[in-house]
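Visitor: Residue strings, one per chain:
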Amino acid sequence: KQEVTQIPAALSVPEGENLVLNCSFTDSAIYNLQWFRQDPGKGLTSLLLIQSSQREQTSGRLNASLDKSSGRSTLYIAASQPGDSATYLCAVRGGTSYGKLTFGQGTILTVHP
Amino acid sequence: NAGVTQTPKFRVLKTGQSMTLLCAQDMNHEYMYWYRQDPGMGLRLIHYSVGEGTTAKGEVPDGYNVSRLKKQNFLLGLESAAPSQTSVYFCASSYSISLAENTGELFFGEGSRLTVL
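Heads up: the protein sequence lines correspond to chains L and V, in order. Under the working numbering, the first residue of the first sequence carries the number 1, and numbering increases by one thereafter. Under the working numbering, the first residue of the second sequence carries the number 114, and numbering increases by one thereafter.
No wet-lab data here; the hints were simulated from the structure. Just so you know, these numbers come straight off a predicted model, no measurement behind them. Where is the CB? At the ideal position from N, CA and C, for every residue including glycine. Hints should not be assumed to be uniformly reliable.
[Stated by the list, open to error] Lysine-lysine pairs mimicking DSBU-like chemistry, simulated, CA-CA at most 35 Å apart:
| hint | chain 1 | residue 1 | chain 2 | residue 2 |
| --- | --- | --- | --- | --- |
| 1 | L | Lys42 | V | Lys183 |
| 2 | L | Lys100 | V | Lys127 |
| 3 | V | Lys127 | L | Lys68 |
| 4 | L | Lys42 | V | Lys127 |
| 5 | L | Lys68 | L | Lys100 |
| 6 | L | Lys42 | V | Lys122 |
| 7 | V | Lys170 | L | Lys100 |
| 8 | L | Lys100 | V | Lys184 |
| 9 | L | Lys100 | V | Lys183 |
| 10 | V | Lys184 | L | Lys1 |
| 11 | L | Lys68 | V | Lys184 |
[Claimed, not checked] Each pair of labels, with its calculated beta carbon distance range:
| hint | chain 1 | residue 1 | chain 2 | residue 2 | range |
| --- | --- | --- | --- | --- | --- |
| 12 | L | His112 | V | Thr228 | 45 to 53 Å |
| 13 | L | Asp39 | V | Ser197 | 23 to 31 Å |
| 14 | V | Lys170 | L | Pro113 | 45 to 53 Å |
| 15 | V | Pro121 | L | Asp39 | 19 to 27 Å |
| 16 | V | Thr118 | L | Ser59 | 20 to 28 Å |
| 17 | L | Pro113 | V | Lys183 | 20 to 28 Å |
| 18 | L | Ser59 | V | Gly164 | 41 to 49 Å |
| 19 | L | Asp39 | V | Thr118 | 16 to 24 Å |
| 20 | V | Ser209 | L | Ser12 | 27 to 35 Å |
Full structure from sequences and hints, please.
Guide: Rendered as structure tokens:
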């Protein structure tokens with residue numbers, strides 16, 4: 001059974017810092033890994049998706065990497081801003097059948113001015 | 114672009130009442146999902162569908178039923194609501210991953226907040 005763990009559970013940083021969020025998974029037979037952002041009371045917004053054959057994806061100040069063999073992904077946020085404050089979730093899609101998705105519990109990020 | 118739309122956004126029910134949550138997507142996605150999100154429990158899959166006319170159970174299906182009569186719609190029903198079903202419900206959809214060119218990127222609705230008294 002796939003298990004996804006996100007560390008840390010919560011993170012508080014001053015504005016301008018570069019930071020790294022971690023996601024680990026137990027079964028390396030994945031189709032892709034997706035990072036989401038969730039604001040309080042809102043739905044999940046897709047940030048980055050990395051296919052199993054890829055090593056990293058970038059979008060603006062965000063960079064996500066994938067090391068499938070070690071079961072790890074990191075989300076790097078450069079020059080953090082108060083507007084980045086949200087919960088960040090990673091989800092792993094299995095590589096067989098319909099591709100079952102397994103979510104981590106999320107990292108609550110607070111960026112203070 | 115509408116993307117994934119859920120209705121209603123808020124609902125309060127009394128124990129024993131029934132209701133249906135509607136999810137509609139306009140991206141021609143094959144796969145659709147219903148999740149519930151509870152504090153400390155994360156997102157848990159209730160039911161899913163891999164195509165029109167097909168449905169399957171997820172991790173926590175008890176007390177819920179679903180139907181996918183049209184490709185763009187996925188309905189979640191509560192036949193006899195219980196307080197334990199108080200939660201935020203999310204619908205999501207994606208293209209099928211049976212085709213190599215599909216990324217399987219998942220898109221979510223804004224959520225439906227259900228309270229059962």
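Visitor: A separate judgement is required for each hint: does it hold in the structure or not?
Guide: Do the hints match the structure? See the list:
| no. | hint | verdict |
| --- | --- | --- |
| 1 | L:Lys42 - V:Lys183 | 26 Å, holds |
| 2 | L:Lys100 - V:Lys127 | 33 Å, holds |
| 3 | V:Lys127 - L:Lys68 | 47 Å, violated |
| 4 | L:Lys42 - V:Lys127 | 25 Å, holds |
| 5 | L:Lys68 - L:Lys100 | 17 Å, holds |
| 6 | L:Lys42 - V:Lys122 | 11 Å, holds |
| 7 | V:Lys170 - L:Lys100 | 12 Å, holds |
| 8 | L:Lys100 - V:Lys184 | 19 Å, holds |
| 9 | L:Lys100 - V:Lys183 | 22 Å, holds |
| 10 | V:Lys184 - L:Lys1 | 30 Å, holds |
| 11 | L:Lys68 - V:Lys184 | 33 Å, holds |
| 12 | L:His112 - V:Thr228: 45 to 53 Å | 32 Å, violated |
| 13 | L:Asp39 - V:Ser197: 23 to 31 Å | 26 Å, holds |
| 14 | V:Lys170 - L:Pro113: 45 to 53 Å | 46 Å, holds |
| 15 | V:Pro121 - L:Asp39: 19 to 27 Å | 20 Å, holds |
| 16 | V:Thr118 - L:Ser59: 20 to 28 Å | 25 Å, holds |
| 17 | L:Pro113 - V:Lys183: 20 to 28 Å | 48 Å, violated |
| 18 | L:Ser59 - V:Gly164: 41 to 49 Å | 30 Å, violated |
| 19 | L:Asp39 - V:Thr118: 16 to 24 Å | 18 Å, holds |
| 20 | V:Ser209 - L:Ser12: 27 to 35 Å | 40 Å, violated |
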